[in-house]
Amino acid sequence: MSQTPRSFQEIILALQNYWASKGCAILQPYDMEVGAGTFHPATTLRSLGSNPWSAAYVQPSRRPTDGRYGENPNRLQHYYQYQVIIKPSPPELQELYLGSLEAIGIDMALHDIRFVEDDWESPTLGAWGLGWEVWCDGMEVSQFTYFQQVGGHDCTPVSGELTYGLERLAMYVLGVDHVMDMPFNNPDAPIPLTYADVFKQTEEEYARWNFDVADTAALLRHFEEAESECRAILDQAHIDPKTGKRIVMAHPAYDQAIKASHIFNLLDARGVISVTERQAYIGRVRTLTKACADAFVQTRAGGWSDAAA
Amino acid sequence: MPDLLIELFSEEIPARMQELAADDLKRLVTNGLVDAGITYASAAAFVTPRRLCLTVEGALDASPALTEERKGPRADAPEKAIEGFLRSTGLTRDALEERETPKGTLLFATTRKPGRPVADIVAEVLDHTIRTFPWPKSMRWGSGSLKWVRPLHSILCILVREDGSEIVPLTVDGIVSGNTTRGHRFHAPDTFSVNNFDDYAAKLKKAHVILDAAERSDTIWHDATNMAFANGLEVVEDAGLLAEVAGLVEWPVVLMGRIGADFLALPPEVLQTSMREHQKFFSVRNPKSGRIERFITVANRETADNGATILAGNEKVLSARLSDAKFFWENDLRVVQGQGMEAWVENLGNVTFHNKLGTQADLIDRMATLAREIAPMVGADPDEAEQAARVAKADLSSEMVYEFPELQGLMGSYYARAASLSDAVAAAAKEHYAPLGPTDAVPTAPVSVAVALAEKIDKLTGFWAIDEKPTGSKDPFALRRAALGVIRILVENDLSLRITLVFAALIGQKIAYLGLKEKFDGTALLGRDLNETGMSEISELVFQAIRNATRDAELQAGFQEAAFAKIDDLLTFFHDRLKVYLRDQGIRHDVIDACIAMPNNDDLSLLVKRARALSETLKTDDGENLIQAFKRANNILTQAEEADGVEYSYGPDPKFAENDAERGLFTALDAAEAKINPAMKAQDFATAMSAMADLRSPLDAFFDAVQINADNAMIRRNRLNLLSHIRQLCTSVADLTKIDG
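Chains as they are written, first to last, in our numbering: chain A, 1 to 309; chain B, 310 to 1050.
Keep in mind the hints are simulated off the structure, nothing from the lab. All values derive from a computational prediction rather than experimental measurement. Cβ atoms here follow ideal geometry from the backbone N, Cα and C, with glycine treated the same way. Hints are supplied without guarantee of correctness; some may be wrong.
Said to hold, decoys possible - Listing some non-contacts, in silico: residues in chain B with all C-beta distances to chain A over 12 Å: (1) T348; (2) R425; (3) S452; (4) S474; (5) H496; (6) D508; (7) L520; (8) F590; (9) E611; (10) Q1016.
As the list claims (entries may be wrong) - In the DSSO-like style, the derived pairs of lysine-lysine whose C-alpha atoms are separated by at most 30 Å in a straight line are: (11) B:K456 to A:K22; (12) A:K290 to B:K456; (13) B:K990 to B:K1047; (14) B:K783 to A:K290; (15) B:K446 to A:K290.
What the hints assert, rightly or not - One side of the interface only, derived from the structure: several residues of chain A facing chain B at Cβ under 8 Å: (16) S89; (17) A109; (18) E229.
Could you build the full structure based on these sequences and the hints that come with them?
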């Protein structure tokens, strides 16, 4: 790894290597559409219960309302977040985090790093935490949060969560002004690719679909379906009648909650949700994620044990 | 006399909480010490982003020993009683003292509580302080259960004596106290030990930490103004921002950067807001042009390149922010210059104001109707007031206000001007939200006043109609502020306006339409002339409004009853807010009640004039004594009227006066009346009250010399009629029976 990264992917790889070297399990992105890395069950569900956990991963994130047809220098409807979650939060988490900035080529001796109050709350996840947005020379480069509650459950122990907006961070490190101009791979590679080569066309396609074409009647139906499927899954008895095993299906149910949340975002982008309805939809998604959280703490990964039961 | 030094070292404390936290630390620890018997000479608290510090000087070495004497049973009391006393005191029989008293020989026990060493007390008090610290928001971390604002890393707690310092041992949720701390996160991250406060402050400074927030502020301001001055510029003062920035750094380094030439044409408020809110930059102004040309940022460290990298980064971030702002500004201008502000108003039809009160566009329709109606009463042109109300909230659809909500109104005035609307309309867009607080300036331009009143009165009547009134500390729609706004606009502009006449029809119509679940548009108001309408017609206003909504007699009756109750209730709410407003100006509660009891009490300006006059009069000797004399007169009269079953309101005749005192009162009354009547007509309540106060001496003399209930029925009746006349005169400004004392 060279001292200063020259491409988007080098920055991602540097983060992967750094957090792997600090003992995190390097997971892969979750295979569903989510609005942020926090939605990955490796964060949402694993921050519940008493089992220790340590993971890092890239999560493609979709925010349909942020689509700008690839024209805005830093707004995208699809972008990458880098997510680190460690439970319990280690005492040296701030130092670990600063080490990750060094790892991607930010020289602490020349830059001004600041931890500025920013409390985090996710109404759809029924979650909140306290922490900061981290500034590098006045630029917000990460969110740093100590989870206090997720899915309506108090977090004990507390997880420390770091979220890096990868495009924005990389643009800063690489000195690029427009995201589409950013080298994706090595600019000296036989086939150098920019961010535009990879994503410009998809930004246009999705922006058109998100804003004008997505079938809202079908989406509304899908929302209802995901909602009822989530409930139906959670209504099942804990003991599987076929295997006789105790199998609480927290994850399949949570998939439906994620789905409902993304469909809500799509409906929002289509402009068919009024201000008042918004709160109601958010409340419905929150009810689902809370129910999934309730189910997850009934699983082994969520801290449930036969002895305690 | 040891000194105490405490430092609680944590991850970054939010800037806005720091000052209060330092005060709390000082208060809680010193109070705890004093309660446990440790007095001290002086104490001071300090705060940086990562540490709370307290120094206490000249504390006692130990709490004083306490001697307590308890009286026991008689020496010859039964064995059991004596045993019980011994048990409760923990002493043996021979330690008790026998003392002769008038009640015989009694046993006395003297117990001595030894003093406790200061270290024990400090440990106890600090432990309790940390565990119960009143952070506005606190959190847990790791596997611990302790709550602190952000993870707490170390506790420094030492007692300093002439012969050296000792660590006060304590452990809070696994954190063991010590005598070490750390310096600046990047410049001096290693731990070091300290011996006393001076040593601590000096070592911190060497480790790139300025402990005192005031010193950091001073440094920042001094360096910033010098840097600006050297360039012929000046820093825009912003005490709030200065305090905040001083709370974000331990080692402030001031840097001045440039704003790209492309952005200098943006409205200065946009530059300032964008820089302040997002980047915490100070604005730097050219005193000649008044334009903002540069910015000051405060870094938390020194660098080998003298901040060049940091400044370049900050300039870049600002440039991205301002590109957005410029993009919004230009898009917005294109819209208003092309289509006027109406396009935005139409958009507001998609934005809910409140689910029971319709969209923002509905709100604007109602405001426009109401502003037109209020206009003649506040000296505004009705057409202009209506137009101003129609565009006042248009900027809520603009891209700039979407991005910077705090610029609402202000952007509206820029855009109104860009749309070639009149200056009065543009000003109303900016001013119609005012006043936002008790000290915020009140609009005075007639069009602004009409729109500002319309906005607030619509809001109040709407939320009253749907029963969303403030309760206790909850006032989510800021209705108290709206009512205070109406009061201040009317009173400070000296506008006479009967507010119930304005809101009677609105409430009537809102109740009716809500009851019918139909959209409410404000048409009930059209074409009325409130100046012509008397109090007796409030019921007519309500009825008309309801009749326009429904012809069903039964529904009409129900709506009317509900509307009257709401109108009374809303007026009471206004009166309650008025009491708070006047109390802050030193006017007593009972004075206001006395004025509320008068007719036309929905004319708030009139009400305030009465209250001020009465309050001033009560401050004089004559005024205060007039109340006594008045009450005496009133009591006698009321008793007589009750006993006799008649009302004494027939004019008294001076020819029945029996002595000089009585004749004197007649003369004084004539003189007073000659002053009071014209003063009342001119609403010059101060003159009227002062004329009333002049009655005090003759009234006192009259009571001294005369028996009201004279044997002669004719004379008695005449005197009661005289009192009645005085009562009538003295209650023309306010109902003095309601005054305390």
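Checked hints:
1. Chain A leaves B:T348 outside its interface by the beta-carbon criterion, the shortest separation being 37 Å against a cut-off of 12 Å.
2. At roughly 33 Å from the closest C-beta of chain A, the C-beta of B:R425 stays outside 12 Å, upholding its exclusion from the interface.
3. The beta carbon of B:S452 sits about 4 Å from the closest Cβ of chain A, which is not more than 12 Å, so the claim that it is off the interface is violated.
4. The beta carbon of B:S474 sits about 26 Å from the closest Cβ of chain A, which is more than 12 Å, so the claim that it is off the interface holds.
5. With a least beta-carbon separation of about 10 Å from chain A, B:H496 fails to lie farther than 12 Å from that chain, contradicting its non-interface assignment.
6. Every Cβ of chain A is farther than 12 Å from the Cβ of B:D508; the closest lies at roughly 27 Å, confirming the non-interface assignment.
7. Taking the minimum C-beta to C-beta distance to chain A, about 19 Å, the non-interface status of B:L520 holds against the 12 Å cut.
8. The Cβ of B:F590 sits about 8 Å from the closest Cβ of chain A, inside the 12 Å cut-off, so the non-interface label is violated.
9. Distance to chain A contradicts B:E611 as a non-interface residue, since its nearest Cβ pair spans about 10 Å, not more than 12 Å.
10. The claim that B:Q1016 lies off the interface holds: its Cβ sits roughly 73 Å from the closest Cβ of chain A, which is beyond the 12 Å cut-off.
11. For the suggested pair B:K456 and A:K22, the alpha carbons sit about 27 Å apart, so the restraint of at most 30 Å is met.
12. For the suggested pair A:K290 and B:K456, the alpha carbons sit about 25 Å apart, so the restraint of at most 30 Å is met.
13. Simply put, B:K990 and B:K1047 have alpha-carbon atoms about 23 Å apart, close enough for the 30 Å limit, and the pair holds.
14. With a C-alpha separation of about 28 Å, the suggested pair B:K783 and A:K290 falls inside the 30 Å cut-off, and the hint holds.
15. At most 30 Å may separate the alpha-carbon atoms for a hinted pair to count; B:K446 and A:K290 meet this at roughly 23 Å.
16. Restraint check, A:S89 versus chain B: the minimum CB separation of about 5 Å is within 8 Å; hint holds.
17. The beta carbon of A:A109 comes within 6 Å of a beta carbon in chain B, closer than 8 Å, and the hint placing it at the interface holds.
18. At about 29 Å, the closest approach between the beta carbon of A:E229 and any beta carbon in chain B exceeds 8 Å, and the interface hint on this residue is violated.
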